[in-house]
Amino acid sequence: MKEILLIAIPLLAAGAAFIWPNERTRPRLLPVAGALHAALSLWLLVNPPALLTGAWFGFDPVARAVLPMVSLLFFICSIYAVAYLKVRAERRNRLFVFALLILLGFLSLALQAQHLGLLWVAAEAATLMTVPLLHFNGTARAFEASWKYLLVGGTGIALSLLGSFCLGYASLHGGGNGDLTFAALAAQGASLTRPWLIAAWVLLLAGYGTKMGLAPMHTWKPDAYGEAPGIVGALLAGGMTTMAFVAVLRVKQVVDAAGGGEMTQRTLLAFGLFSMLVAALFLLSARDFKRMLAYSSVEHMGILAVGAALGGLGIYAALFHVWTNSLTKGALFLSAGNIRRAANARNEDEVSGMAWRSPLSARIFIAGLFAITACPPFGPFFSELRIVRAAFTTGNTFTAVAFLGCLLFAFFGLTRLVFAIVDGRPRAAARATGNRFRETSGVILPPLAFLVFSIWLGLATPSLLTETWSAAAKLLFPTP
Amino acid sequence: MTNALNLFIGLAMGLNLLALASSRLPSVIRAAALQGMILGILPLLIENHFQWMVGVVAVGTITVKGFVIPHLLRRALRAANIDREVKPLIGFVPSLLLGASATIGAVALGGTLPLLPEHAGSLLVPGSFATVVAGFLLLMGRAKAISQVCGYLILENGIYLFGLLLINSTPLLVEAGILLDLTVAVFVIGIIMDRIQKEFDTLDTNKLTSLRE
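Keeping their order, the protein sequence lines are chains A and B. Under numbering that gives the first Met the number 0, think of the first position of the first sequence as 0, with each following residue one higher. Under numbering that gives the first Met the number 0, think of the first position of the second sequence as 0, with each following residue one higher.
You can trust all of the hints, since none of them are fake.
Cβ pair distances, simulated, as ranges: (1) B:A3 x A:T138: 48 to 54 Å; (2) B:G110 x A:R415: 54 to 60 Å; (3) A:M0 x B:G90: 54 to 60 Å; (4) A:W455 x B:R73: 53 to 59 Å; (5) B:M139 x A:W455: 45 to 51 Å; (6) A:A49 x B:I40: 40 to 46 Å.
These aren't lab readings, by the way, just hints derived from the structure by calculation. Model, not experiment: these values are computed from the prediction. All residues carry an ideal CB built from backbone N, CA and C; glycine is no exception.
Take these sequences, add in the hints, and give me the full structure.
If you want it as structure tokens, here you go:
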């Protein structure tokens, strides 16, 4: 039962963080818990435990295909957090450290949940736990962002609960015995009652899609990512959205098994392409580089949705993209956090010449930019290539063309803003601020590590990972 | 049994309209609280034989939705010292008309959906849909943070009504988890409202406009 430890370790560490008396040493709990969690999930990746039938949660192939990534993301972010919280010594960190660890615990629970109700409870708890993280800075803008996040996120989570109930009723009406584990629901197949099934899919996609940040339910994202510390942005863009995507995949598996495959495909394609289009348009006019990352995240959620719509090959590519996107976003958010701190501003009008002010972070940021816009040799290039290939093999030529067009526009938008910030002469306002931001190894090595992982995943994808992804894709999209 | 059940659900549907038509915050809070308490009684009517777990959930629901959450909201109202007008973005008459037509539509829609024999003739599905729509109307159509929270509570009440369809077959553990999450949600909302009030000196969410494209 080692998979329970994946949930227990962060929760116990959170308890310890809450009663830990010393402000200065408390953040060190984060890398300790993160390292234990990462080691354990790596061990489980290599030696997957047998899944009990009918269990409410377990380390199944889908959890195995994504949970190690979330664990790795958290571990690297936790190292950055120690250095970051040292810089931000003026803010009290008890609630921040506590909420980060609880978030990791609930993400681990949600990714392993095999039961519709349990998945919802874990997803809701994780959503609530991010609120204290969002307003860590304590500014008026941060509270505004938290309020919008609560309202939009709360509504999304309410819709997914209604959808879960609809799916439960579809099973009950179709002769089910009230077993709401995903395996049991999928086994019921076509006997799920059709109208309730359709209602369930629409509501669950809208609900978990809000959490993922698919357009037009993405409105919380720019505010939240713009106001939260970089590390929180990295964990939201790589952990929270991954959890929501896995939830969508698990529900899709049930709806597909019940004969709704065409409907799930069409809706996911529509949401995916629409998200990519909206993100590309907003990227062309973005002025704030942290909000820019949020729109980039909307774009990549669209890519994941398109991948999920393209059958087994597409799901494999989407799981690959979950890894490459999340780890690359880690590099971008952490280096953007450094730049933001060094420049003391976030707007294109106020920030420029960051290649002088914070040379290392600016270089990582540019490398991250090329990685996220799918330039070789970075990971996202290879995963997006697989999605395009899946689109051509399944005969979705229009999808492939629209997909590539949106990527191109996003590339224009991202490069324009990034080079506006990095190049040029430093602004007088930034030069005037007295204490200069120091690029210590604690704030440089973590984003650099993310970049290394991004390249490594692209150039030399470990066969262990490709095997887990295809096992998960086979489970989620069984080809007859 | 079904008659008593339908009577209570009908009352809950009436409270939706009351919440939509109220022009003052305390009466919106009261409507949401009363609705929550009515919903708390329903599981006891549905279960044929008494189970202790159902009893616990019923008592928990009535306490949280009827007393704890309204108390928190009233405290926020007092602390914020705001004027108690609702400030509608969608006027009272239009929202009342929308709410009423949603109720009629929900009853019509509920008749066409396939239901298990034991649920045929009950108002659970129409009541749930009508309440969800009323919750959304309050959430979107009101400017004050407290009335938005009331809208969220009514939305949750509607979903809870739907969940009662499943009460015989799904373990109550999930319902207990849902209740717990709701409580924490309102606590978090309360804290954020408190901070917004301090930072912006208002709970009018129309003033939250510094973040936009």
